[in-house]
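A.B. asks: Each position in the sequence shown, counted from 1, maps to that position plus 830 in the working numbering.
Keep in mind that the hints were calculated from the coordinates and are not lab data.
This structure is a prediction, so every number in the text was calculated from the model and none was measured.
Hints should not be assumed to be uniformly reliable.
Label pairs and their computed distance ranges (CB to CB) [said to hold, decoys possible]:
#1 Gly901 - Glu956: 47 to 57 Å
#2 Asp941 - Ser854: 25 to 35 Å
#3 Gly962 - Arg936: 27 to 37 Å
#4 Asp855 - Gly979: 37 to 47 Å
#5 Gly955 - Pro924: 14 to 24 Å
Glycine is no exception: its CB is placed at the ideal position from the N, C-alpha and C atoms.
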Amino acid sequence: MSTERTAPAGVVVDDAPAGRPVLSDLAVGQVLAERRFHFERDTLVRYAAASGDFNAIHYRDDVAAEVGLPGVLAHGMLTMGTAVQVVVDWVGDPGLVVDYRVRFTRPIVVDPREGADVDVVAKVGEIDSDAGAARIDLTVTVAGQAVLGKAQARVSLV
Numbered sequence: 831m832s833t834e835r836t837a838p839a840g841v842v843v844d845d846a847p848a849g850r851p852v853l854s855d856l857a858v859g860q861v862l863a864e865r866r867f868h869f870e871r872d873t874l875v876r877y878a879a880a881s882g883d884f885n886a887i888h889y890r891d892d893v894a895a896e897v898g899l900p901g902v903l904a905h906g907m908l909t910m911g912t913a914v915q916v917v918v919d920w921v922g923d924p925g926l927v928v929d930y931r932v933r934f935t936r937p938i939v940v941d942p943r944e945g946a947d948v949d950v951v952a953k954v955g956e957i958d959s960d961a962g963a964a965r966i967d968l969t970v971t972v973a974g975q976a977v978l979g980k981a982q983a984r985v986s987l988v
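Take the sequences, apply the hints, and build the full model.
C.D. replies: As structure tokens, then:
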């Protein structure tokens, strides 16, 4: 007996664990998710507490200016972790993300009043049917400028 469910991003799943996408339903170039995240200064302070990274460039304008930065910067690992969250939400299980890599291309300046909007688009980059895996390419931008380059997550869908 077949059960049909709808997974994140509208992928139809047939006889797979609840919410898990099926490799054969994917196509290279298919957009899986688009999401905007908003960083504020308190986001940075909370991340600093969780990660233990209390470098003052992440919360003090005066220190950022002293070292020649245009303002307080978001943590690189916060950006990296936030970006992959769209893949985790789509696949439904963080354990299915078996590889993740990025290049940091531009820092994110978090304005004290406006914050910063981080836009993430997840798209199927490659399908490896033999391995039962897919490469998900992430485009991560702030104000239209890339902040992560070659952001790629590999997910296992066996």
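A.B. asks: Could you run down the list of hints and mark each one as holding or not?
C.D. replies: Cross-check of the supplied hints:
The supplied range of 47 to 57 Å is broken by glycine 901 and glutamate 956, whose beta-carbon atoms lie about 37 Å from each other. A hinted range of 25 to 35 Å is violated for the C-beta pair aspartate 941 and serine 854, which are about 45 Å apart. Taking the beta carbon of each, glycine 962 and arginine 936 are about 34 Å apart, inside 27 to 37 Å as hinted. About 28 Å separates the C-beta atoms of aspartate 855 and glycine 979, a value inconsistent with the hinted range of 37 to 47 Å.
Checked against the given bound of 14 to 24 Å, the beta carbons of glycine 955 and proline 924, roughly 19 Å apart, stay inside it.
The structure shown violates the earlier hints numbered 1, 2 and 4.
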